[in-house]
Amino acid sequence: MKKFKAFIIIFFLLFCNNLYANENSQRNEITKNLRCLICQGQSVYDSDSDFANSMKILVDKKLDQGLSEKEIYIYFKEKYGDWILYDPGLNKNTYLLWLLPILIFVFGGAIIAKSFILKK
Amino acid sequence: MKKKLIPYSIILIFLIIFAVFYKSLKDTNIYTPQTKINNDIPIFSANLLLLNENSASIEIFELDKFYLLNIWASWCVPCRDEHPILMKLSKNNKLTIIGMNYKDNKKNAKSFLDELGNPYEKIIVDKNGTNSIEWGAFGVPETFIIYNNKIIKKYIGPLNQELLMEVQKIIK
Chain A
1 MKKFKAFIII FFLLFCNNLY ANENSQRNEI TKNLRCLICQ GQSVYDSDSD FANSMKILVD
61 KKLDQGLSEK EIYIYFKEKY GDWILYDPGL NKNTYLLWLL PILIFVFGGA IIAKSFILKK
Chain B
1001 MKKKLIPYSI ILIFLIIFAV FYKSLKDTNI YTPQTKINND IPIFSANLLL LNENSASIEI
1061 FELDKFYLLN IWASWCVPCR DEHPILMKLS KNNKLTIIGM NYKDNKKNAK SFLDELGNPY
1121 EKIIVDKNGT NSIEWGAFGV PETFIIYNNK IIKKYIGPLN QELLMEVQKI IK
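Sequences listed follow chains A and B, in order.
1 is the number of the first residue of the first sequence in the working numbering; add one for each residue after it.
1001 is the number of the first residue of the second sequence in the working numbering; add one for each residue after it.
Just chain B, with the same shape it has in the complex (with noise of 0.2 Å):
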């Protein structure tokens, strides 16, 4: 008895050992964020692009109600590319579109918005990348969907045609 003990306990750690080593390599080993959340958003004031003034975000996200929260800037090359998405998506009475603008220049984020038309119905300004930190952003762009006060899908990198649908489905 004792000495086949000694073979099945080698043999059931090889299995164990070869079980954990085949999950782990089949995972990848590139970091993806989850983006599915139910995270709250989160509580801050900032000064708004075009109007000149400081707002609240409880002033800016009601309950009951859609929103989308876009990070942008005008050096960002795929945030040009995601605008006519924005463009269209904002034509949707159902959703609110709010900007954020990541570490840009004033000057350039107003001729960006010239040239390509505003979606946005109010635009945060974030100067030192503080402010997308606090909603747990990468980087440019990045959208979040909203609804009472709650972050319920993140899409990082720009939006598409696809992601549009996709959008359009959770706030019907």
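The following block holds chain A by itself, in its conformation from the complex (with noise of 0.2 Å):
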């Protein structure tokens, strides 16, 4: 009997170690990507805000209506525009942010390969 309860207690241990809070990590992944409009500097997932809260029970309905992350992202977007979005996409607008660096490398690169490599 006692090697049974000593077997019931490690059963019961070993599950709940999956257990906790997992069910909320999506709707975390999220929010913490989306900036709460009326805060400054806080995503929607830091504040408590009503519209941060809001946002919140949004983002969970959302979910359970089967979107996946882009869609709501893509939803809010719509709602919002692009500065809702932590990690905004390529637009006119943002052009210059997402090509400079690749530029400057090419450029760079390309100095450094005429002035080293070919000299030689």
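Treat the hints as calculated values from the structure; they're not laboratory data.
All figures in this text were calculated on a predicted structure; none of them were measured in a lab.
Worth double-checking, as some hints may not be accurate.
Below, a list of computed lysine-lysine pairs in the DSBU-like style, where the Cα atoms sit at most 35 Å apart [claimed, not checked]:
1) B/1004 / A/114
2) B/1103 / B/1065
3) A/79 / B/1103
Sample of chain B residues facing chain A (criterion: CB under 10 Å; computed from the structure) [as the list claims (entries may be wrong)]:
4) 1126
5) 1128
6) 1129
7) 1133
8) 1134
9) 1138
10) 1160
From the three backbone atoms N, C-alpha and C, an ideal C-beta is built for every residue, glycine too.
With the hints in hand, could you dock these two chains into one complex?
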């Protein structure tokens, strides 16, 4: 009987181990990438404002409806514009932002190649 | 030729940097949302405040008619200030005013309307604030002008005399 009790305790401990709050992880990840528009420098996840709390409920609702993370971002982008996303996509306002590092890399590489490799 | 190229390119780079900084420093760093939008209105179904029934967005907003959706709450002080403007607008036959009661208590909302008058034809209840987010709202008070199921104008903050004239111009 003692062995049986020990077995049950170990069995439950092993399973409880996997049970802790995993249900909100996707919601948390999404809300961390959404800007709280009425707060200063806070994500929806960090904020406890009325706006952020409603956003959290809505994200939950959208997840329940079966929307993917990307679809939720697109949904909010349509409502509030690019500003709501912490990671804006490539569009006419952000061309320079995305392309400048690549251009600098290419030109820098070309200059280095020209001055070091070709000279040899 | 090669010697000249370096100072010229340095000057060019500085000019570009100057132009970028000059432009971005002039821009305001406070986020100002777009007010002229052409988004479709969201599809929803919600409880109505005074009628105690559920209504879908298609039943509320008809085509070829001007609607004004006003998000308000009894606890919101600026809503109290803009209420006389809404009362004035409610006398206009060309415009139907729909209210959205934001995170409010039913009893307080009713006494707010009893005290100041009811300009709304229907009032949608937004208990947890999600409905107003579906509309792209930030908080209370906020006003949308809707025509043919599209949001044609959005006012963030309370309406005033100037905006009243603007709304009247739009629905003309």
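Taking the hints in turn, this is what the structure says about them:
Straight-line distance between C-alpha atoms of residue 1004 of chain B and residue 114 of chain A comes to about 18 Å, which keeps the hinted pair within the 35 Å bound. Pair hint residue 1103 of chain B plus residue 1065 of chain B holds up; C-alpha atoms about 28 Å apart against a cutoff of 35 Å. Among the hinted pairs, residue 79 of chain A with residue 1103 of chain B is consistent with the structure: their alpha-carbon atoms are about 20 Å apart, no more than 35 Å. Given hint, residue 1126 of chain B at the interface with chain A, holds; its Cβ is 9 Å from that chain's nearest Cβ, closer than 10 Å.
With a least beta-carbon distance of about 5 Å to chain A, the hint placing residue 1128 of chain B at the interface is held under the 10 Å criterion. Taking 10 Å as the C-beta cut-off, the interface hint given for residue 1129 of chain B holds, the closest approach to chain A being about 3 Å. A distance limit of 10 Å between C-beta atoms decides the matter here; for residue 1133 of chain B the minimum to chain A is near 5 Å, and the interface restraint holds. Because the beta carbon of residue 1134 of chain B sits about 7 Å from the nearest beta carbon in chain A, less than 10 Å, this interface hint is met.
Here the hint on residue 1138 of chain B is kept, as its CB sits about 6 Å from the closest CB of chain A, short of 10 Å. For residue 1160 of chain B, the interface hint is violated, the least distance from its beta-carbon to any beta-carbon of chain A being 21 Å, above 10 Å.
Consistency with the previously given hints fails for number 10 only.
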